[in-house]
Every structure is written in C-alpha cells, then in structure tokens.
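There are 4 protein chains.
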Amino acid sequence: MLFSIHADGPVPIYEQIVAQVIYGVAAGAVKVGSFIPSVRELAEQLLVHPNTVARAYQDLERLGVVTPRRGRGMEVTSQAPTACRSKRRDLVRRRIRDALREAAASALTPDEIRNLVDEELTAVNGKRR
Amino acid sequence: MLFSIHADGPVPIYEQIVAQVIYGVAAGAVKVGSFIPSVRELAEQLLVHPNTVARAYQDLERLGVVTPRRGRGMEVTSQAPTACRSKRRDLVRRRIRDALREAAASALTPDEIRNLVDEELTAVNGKRR
Amino acid sequence: MLFSIHADGPVPIYEQIVAQVIYGVAAGAVKVGSFIPSVRELAEQLLVHPNTVARAYQDLERLGVVTPRRGRGMEVTSQAPTACRSKRRDLVRRRIRDALREAAASALTPDEIRNLVDEELTAVNGKRR
Amino acid sequence: MLFSIHADGPVPIYEQIVAQVIYGVAAGAVKVGSFIPSVRELAEQLLVHPNTVARAYQDLERLGVVTPRRGRGMEVTSQAPTACRSKRRDLVRRRIRDALREAAASALTPDEIRNLVDEELTAVNGKRR
DNA sequence: GTGGTCTAGACCACG
DNA sequence: GTGGTCTAGACCACC
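Chains as they are written, first to last, in our numbering: chain A, 20 to 148; chain B, 20 to 148; chain C, 20 to 148; chain D, 20 to 148.
Honestly, the hints are just simulated from the structure, not real lab data.
These numbers come from a predicted model, not from an experiment.
All the pointers check out, no bait thrown in.
Note that the list lumps identical chains together, so a pair holds whenever it fits in one copy or between two copies.
In silico lysine to aspartate or glutamate, DMTMM-like type, Cα no more than 25 angstroms apart, as pairs:
| # | residue 1 | residue 2 |
| --- | --- | --- |
| 1 | K50 | D27 |
| 2 | K50 | E131 |
| 3 | K50 | E94 |
Working from the sequences, and respecting the hints, build out all of it.
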C-alpha cells in the first residue's frame with residue numbers, strides 16, 4: 020500500500036488517506052480480510068500526526084470499508100470492494116461533473132470545452148504510460 | 020448581470036461572485052466602462068453578507084478587472100475582456116485537469132474515465148440546449 | 020437547550036452531545052432552521068474542550084441533523100425532525116433489545132425478567148413525575 | 020459448557036466469557052467442584068487470544084466463582100451458585116435500568132417506551148420457545 | 001501491540 | 001464571530 024500525501028493544497032490530509040484506501044481497495048490492491056497499516060505506523064510513514072490518521076480510519080469505518088479488530092487493527096470488510104468501486108466511481112464522476120458544469124457556466128463554447136478536455140485527457144494518459 | 024449563488028457547497032461565495040463577474044466580462048455580457056453593482060446592492064440581491072461581496076470586489080480589483088471610481092462604484096477596465104478570457108480559460112482548465120488527475124489516481128482505466136467524461140459532457144451540453 | 024453531561028462513565032462525551040441534540044430535535048424542543056449553540060459556546064457551557072463539541076457536531080452533520088452555515092453556525096435541517104424521531108426510536112429500541120437479550124441469555128425465567136422490567140419501569144416513570 | 024462469543028460489538032470478549040460462566044453456574048449447568056476449561060483450551064475453542072481468556076478467569080477468581088487448583092485448573096467454588104445468581108440478577112437489572120433511563124431521557128412518552136419494551140419482550144421470548 | 005477519547009492550543013478560511 | 005484542520009501528547013480499554 021503506497022500513499023502519496025500532499026500536506027499543502029486544499030484537500031485535507033485525512034481525506035487524501037481515505038480516498039487512497041478506497042482506491043486501493045477498489046483496484047484490488049488491498050484484499051478483503053487484510054489489515055491496513057496501524058494508525059501509528061501510517062502516521063510515522065506519512066510524517067503526520069496519529070490523530071490525523073485516526074480520523075481517516077474513523078471515516079473509513081463509517082463507510083463500512085474497514086472494521087476495527089480490537090488489539091489487532093483495522094480489517095478490510097467483505098463488502099469493501101463493492102462499496103469502494105461504487106464510491107470511487109461516485110467521487111470521480113462528481114469531480115468531472117463539477118468541472119464540466121463550471122466550464123459550461125463560464126460561457127465557453129462546447130467546442131472549446133471539448134478541446135480543453137481532450138488536451139487534459141491526453142496529458143493525463145501520457146503520464147500513466 | 021445575473022448571479023446564481025450556492026451558499027452551501029464547497030465553493031466559497033466570494034469565489035463564485037468573482038468567477039461570475041469574470042465569466043460575464045469574458046462572454047461580453049459586461050461591457051468595458053460599465054459599472055458592476057455596488058457592494059450593498061449586490062449583497063442585498065444575493066442575500067449574502069456585504070463583507071463577502073466586498074472581498075470578491077477586492078479580488079476583482081486586484082485582478083485588474085474593475086477599478087474603483089470614487090463615489091460612483093467599480094468600473095470595468097479596458098483590459099478586463101482580455102484578462103477575463105485568459106483567466107476564464109485558466110480556471111476551467113485547472114478544474115478539468117484536477118478532476119482528470121483524480122480520475123487517473125483512482126486507478127480507473129483510461130476507458131472508464133473517458134466514458135465518464137463523455138457521459139457528463141453530453142449531460143452538460145444537454146442542459147445548455 | 021439543556022445539556023447534562025456525565026464526563027465519567029462509559030459513554031463518550033461527544034456521543035452524549037449527539038444523543039441529546041437528537042432527542043431535543045425529536046421532542047420538538049429544537050426547531051428547524053434554528054441554530055444549535057456554537058462550538059465554543061457549548062464547550063464553555065459544558066466545561067469540555069471545543070474539539071469534543073466539534074466532533075459531536077461533525078457526527079450530527081453526517082447524520083443530516085444540522086448543516087454548517089459558514090460564519091454563522093450549525094443550522095437544524097428540514098429533515099432533522101423526521102430523522103431524529105426515527106433515530107431516537109432506533110437508539111432506544113436497540114438498547115432495550117440488547118438488555119432483554121442479555122436477560123434471556125442469562126437463563127433467567129421470562130417471569131423473572133418481566134418482574135425486573137416492571138420494577139425498573141415504574142422506577143423510571145416515578146422519576147419523571 | 021457452550022460459549023457464544025461476538026468478537027465485534029461493543030462488549031469486550033473477556034466480559035462475555037465472564038458473564039457466560041456466571042450464567043452457567045447460576046442456571047445450574049456448571050456444577051460446584053467441576054472444572055471450567057483451561058485457558059488454552061477455551062482460547063482455541065473460541066478463536067480468541069489466550070490473554071483474553073486469562074483475564075476473564077482472573078475476574079472470575081476475583082469474584083470467588085472459581086479457584087485455581089495447581090496443575091488441574093479452575094474449580095467452581097461452593098459459594099459460586101449463590102454468588103452467581105446474585106450477580107446475574109445485578110447484571111441484568113443494571114442493563115435494563117440503563118436502557119430504560121436512556122429511554123426516559125429521550126423524551127419518548129411512557130406509553131411509547133412501554134410499547135417498545137413489550138415488543139422486544141415478546142420478540143425475545145419468542146426466540147426462546 | 002491496537003484503536004478510542006480527551007485536552008490543549010495553533011492556524012486557517014469564511015462571513 | 002463561525003467551523004475545519006492539524007499537531008501534540010496524555011490516558012484508557014482491549015488483545
């Protein structure tokens with residue numbers, strides 16, 4: 020499980036942790052029944068305060084992605100993969116939708132918008148190669 | 020000049036005001052030399068705190084879009100249209116880029132991402148018809 | 020809005036705050052559109068740390084009972100009464116169910132259990148007079 | 020001696036073990052002079068950490084329910100039945116009392132509370148038939 | 001060792 | 001003024 024956290028930027032650290040766990044589970048990189056890193060361990064790895072990790076884990080628990088096993092850690096639940104794939108799709112769709120709505124509200128023409136989208140889409144795909 | 024403000028939601032109200040003025044100028048709906056509404060007037064119209072409008076106007080002034088005319092209000096500058104078209108493009112591109120980066124980070128496949136984009140793109144265009 | 024908090028005892032303070040707001044809304048003592056006390060205000064009143072109150076308020080927001088109004092406070096939502104009455108019933112029923120299941124598991128006879136329940140029920144009702 | 024342990028849920032495992040031994044003795048299912056399972060044996064049976072069982076047995080010893088016999092295990096004491104019947108009653112009464120107090124604090128009417136109690140009471144009794 | 005709660009206090013964005 | 005986030009560190013229960 021690899022995390023990359025941007026401590027600056029507008030997105031709270033704990034939200035970044037939540038999202039990355041969700042993406043990891045959705046992608047199958049984190050298996051059902053396995054344990055995500057302990058609060059202290061991950062805090063040390065990410066150079067953030069344990070409380071920040073703990074808050075992320077509470078959110079993940081609330082989402083049904085992990086369940087606390089007392090004395091052992093946070094275990095990935097059986098319904099996590101389904102929930103995470105759905106959640107991932109929702110998160111991504113929501114962000115795309117908001118961006119495109121902003122674009123439409125800006126009175127840019129549909130052609131201009133599509134050009135921008137295509138440019139950024141190839142840029143992103145290029146990065147993934 | 021029509022404003023639509025979403026008091027809830029993650030985007031600060033003052034940013035919404037700034038963006039909508041920029042979009043209005045960029046689209047040619049707000050002319051050079053005209054005056055945007057007074058702080059009090061707009062605050063009343065939008066049911067927001069005057070401080071919020073004032074902050075938006077400060078930003079617009081700092082961006083060179085409007086300039087204060089004592090006793091008369093905020094006048095749209097001659098360089099505003101050029102600046103706003105550029106700024107608009109930057110704003111929209113930035114949001115699209117961020118959304119697509121998030122999509123890539125989520126480990127969704129490029130195909131799935133493109134499908135989501137296409138769905139939302141037609142949805143947005145549909146709304147504009 | 021009156022709160023009574025038991026800082027000792029097994030129930031976390033933030034849960035007590037959550038429950039009491041829910042009960043207040045369910046009982047009609049807290050109206051839709053009104054604002055619950057600010058974090059700092061309630062923290063001072065209850066002699067607890069503001070963070071503790073903030074955590075309770077986050078839970079209430081997650082439950083859809085209140086919504087943050089930036090710069091103004093936490094407003095009771097329109098769906099709060101329905102949600103709170105339902106939630107209250109669930110909470111109380113859950114506690115009663117657990118107690119009675121424990122009683123059944125203890126191999127006490129149904130008659131003994133009913134006697135205990137009746138005793139405690141009259142004791143509680145007596146306190147409310 | 021049959022145990023049913025819920026590893027999740029709010030009740031600590033060691034408390035569940037303690038309670039079930041108490042209930043077994045109170046109901047006469049566990050006889051004076053008999054031996055309860057060894058720590059290792061029970062831990063293996065319940066898929067629980069031996070420390071957890073050991074802690075439960077410490078509590079039972081402290082309560083005077085069992086007494087350690089070197090090399091042979093934990094023996095049920097002669098005063099255990101009386102103590103367990105009393106303890107059982109206390110435990111059950113305490114849980115019922117707490118549940119009903121919560122119900123009263125929730126501002127549900129006495130009638131609503133009684134209805135909930137009756138519903139759950141018949142539900143529990145139904146399960147025992 | 002694990003997570004959970006609480007206090008303490010800083011800093012920030014927003015209105 | 002409001003809530004939101006983060007760091008810091010204590011204490012606890014449980015395994």
